[in-house]
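In order, the protein sequence lines correspond to chains W and D.
10 is the number that this note's numbering gives to position 10 of the first sequence; each next residue is one higher, with no gaps.
In this note's numbering, each number is its position in the second sequence, counted from 1, plus 310.
Because the hints were derived from the structure by calculation, they are not lab data.
Accuracy of the hints is not assured; some may be wrong.
Claimed, not checked - Subject to a maximum C-alpha distance of 20 Å in a straight line, what follows is the list of computed SDA-like cross-link-like pairs (lysine to any residue):
(1) Lys119(W) to Lys489(D)
(2) Lys213(W) to Pro229(W)
(3) Lys119(W) to Ile335(D)
(4) Lys119(W) to Leu584(D)
(5) Lys213(W) to Lys489(D)
(6) Lys329(D) to Val339(D)
(7) Lys213(W) to Val342(D)
(8) Lys213(W) to Pro336(D)
(9) Lys121(W) to Arg326(D)
(10) Lys121(W) to Lys489(D)
(11) Lys121(W) to Gly343(D)
(12) Lys119(W) to Val331(D)
(13) Lys121(W) to Pro336(D)
(14) Lys121(W) to Phe588(D)
(15) Lys121(W) to Phe589(D)
(16) Lys329(D) to Phe118(W)
(17) Lys489(D) to Glu27(W)
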Amino acid sequence: MTQELATPSAVPIPTAAAGVRSGWGRESIQGFIWIAPAFLYLVFFIAYPFVMSMYLSLSSARVGSPENHFVGLLNYQRLFQDPVFWQTVRNSFVFTIGSELIRLIIGLPLAFALNRSFKGKRIVQGVILIPFVIPIALSALAWKWMFDSLYSVINWMLMHAGLIEYPWQWLGEPGLAMSAVIILNVWRGFPFSAVILLAGLTAVPQEVIEAAKIDGAGPLRRFHYVVVPIIRPILFVGLLYSIVFSFTDFSAVWLLTQGGPYNTTHVFGTYAYNIGINAGDIGMGAAITLFIFPLLAFIVIVMLRLLRRE
Amino acid sequence: MAGRAGSGAGMVEGARWRKWVFFYIPLTVFVVGTLFPFYWMLVTAFRPDAELYRPWRAVNNTPFWTLHPTYEHFVYLFRETMFGAWLFNTMFIAIISTLISIFCGLLAGYSLARLRFPLAGALGTGIFVTYLVPATLLFIPLATIVRNFRLGDTPWSLILTYPTFLIPFVTWLLMGYFKTIPRELEECARIDGASRLRAMVQIVFPIATPGILSAGIFAFTLSWNEFTYALVFLQSPQQKTVPVGVVSELIRGDVFFWGPLMAGALLGSIPVALMYSFFVEHYVAGLTGAVKG
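Between the sequences and the hints, there should be enough to build the whole structure, so can you do that?
As structure tokens, this is what we get:
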């Protein structure tokens, strides 16, 4: 889903936490009442479904069948024997690591460039966020058309530039299909990385950089010893968010390749959709999605620690 | 702003050509690459079918523009599909779910920023954690819940589920905003005898308007763009939202109606693009979230 959004980065832990009083005065009651709508909403639509998902993964639930038995770990057993599932696990990691690396490689110089002043800076700044703003389902279609087997404009350009000799089947060949999905994911997500990095960079006090310059530090050393330590927290939080969005992606992959060719681009989201919704095997589908949970829990814990420390 | 960033990281040092090679040219390539898919969408939407599916080697091939722009794909979109209904559905769902989220987020954000009560820290952390729970983890159980409540294939299935990713975000953003507003302002009002609710509505909310606007714009775009839940919960063509409608009704098996597809993608992107261009500042504020908070 397009939960690939904003980040309350560098989220502060509520100050209220710092000064908790044990009293149950008017203010406490008011506090509980006011937070109740949000809290109950999230309990009912996030916590409850999550618990339900755990139950479903242990059951033989199917779409449209009233029978629903407890089957223990059967679904997990079936998954472990399923080669496509293992491929999905591998693909998810390749997809996530590939996307994040490229985003960082593109995002960092871009953030540095945007941190200077130049003519048309505001326009560039406005433009780079567009891929992030436009519905992924719609921009993915444009990419699918650009990767088309017969009329690919990308192939046209590459061939006219003399870089390839015959049209590549971007979405039809295993390795290429994975690169195509990564390209889409990078294109869609780098504005996020760049904006987060930029927010970090603008927080670096100019005086500190000047001081390092006067002390004779070159650009690389200034970056390593001055800039990095300051932007590290926000960089880290941004990266963790970005990892969560890539790792749990459904839309980009599903729209471009639907997991094909030969399951070489299936990630957790698309495989779970195929099994749980298309094939109607709810139990097994739920089991697949739950494999996201360990990594997710790990990231949540790291992030909470990070935020506490600040 | 120019002053701040100008002295900033400094301009590229050295000769003019270096500035071009290391700065302007890469940046231009980058911007062109970023925008190209949209340009391609635009060209395709106006290109007649005869030209769309013409072999590359044809003599009269003009790959990057068209000499015979046509409206036929847009006409097809409104005559042969329910695009109008999809637009309406998307708008309706986005507005209501945004309103629900703003309502919950305002109250929760305010109480987390201002009120002292036991467990406030834990509740705040809890809301923050839900922000990281992705749709991929929830769409299967939520589909079951939606079915059980007989909400499947109705806009309400989405109106009720979208706030799951909107509320945490809106709450955190607004909490950050409320913290920047000096406490003294409301305290004055309260000394004058206003209740907390009144002080909040009359003093705090007006000051927090930019924050509420950022949260609202962001929430609206997120709902407009949502794809996974809409794909899973909606089946009949007249109930669909733009992203799902375009994908599922204009791709039939292996046949892609590229002209109408791109026309639909273009029209479906314009509302968010317009909204974005009017409120860039708010959007960026929303994106970098509660940094200041």
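Problem set entry | Hinted pair Lys213(W) and Lys489(D), Cα distance within 20 Å | 36 Å, violated
Exercise. Do the alpha carbons of Lys121(W) and Phe588(D) lie within 20 Å of each other, as the hint requires?
Worked result: Holds - the C-alpha atoms of Phe588(D) and Lys121(W) are around 17 Å apart, at most 20 Å.
Exercise. Does the alpha-carbon distance linking Lys213(W) and Pro336(D) stay inside the 20 Å limit?
Worked result: With a Cα-Cα distance of about 26 Å, the restraint between Lys213(W) and Pro336(D) is violated, given a limit of 20 Å.
Problem set entry | 20 Å limit on alpha-carbon distance, applied to hinted pair Lys329(D) and Phe118(W) | The given pair, whose Cα atoms are some 11 Å apart, holds under the 20 Å limit.
For this session: Given the hint that Lys121(W) pairs with Gly343(D), test it: the Cα-Cα distance must not exceed 20 Å.
Result: Judged against 20 Å, a Cα distance of about 17 Å means the pair holds.
Problem set entry | Pair hint outcome, Lys119(W) versus Ile335(D) [Cα-Cα no greater than 20 Å] | 14 Å, holds
Exercise. Under the criterion that the straight-line Cα-Cα distance not exceed 20 Å, is the pair Lys213(W), Pro229(W) satisfied?
Worked result: 16 Å, holds
Exercise. Regarding the pair Lys121(W) and Lys489(D), is the alpha-carbon distance no greater than 20 Å?
Worked result: 31 Å, violated
For this session: Quickly compare the C-alpha distance for Lys121(W) and Pro336(D) to 20 Å and report which way the hint goes.
Result: 14 Å, holds
Exercise. Within a Cα-Cα threshold of 20 Å, do Lys119(W) and Val331(D) meet the stated pairing?
Worked result: 16 Å, holds
Problem set entry | 20 Å Cα cutoff - pair Lys121(W), Arg326(D) | It holds: about 18 Å lies between the C-alpha atoms, which stays within 20 Å.
Problem set entry | Lys329(D) paired with Val339(D) [C-alpha distance capped at 20 Å] | Holds - the C-alpha atoms of Val339(D) and Lys329(D) are around 15 Å apart, at most 20 Å.
Hint compliance for this structure: hints 1, 4, 5, 7, 8 and 10 are broken, all remaining hints hold.
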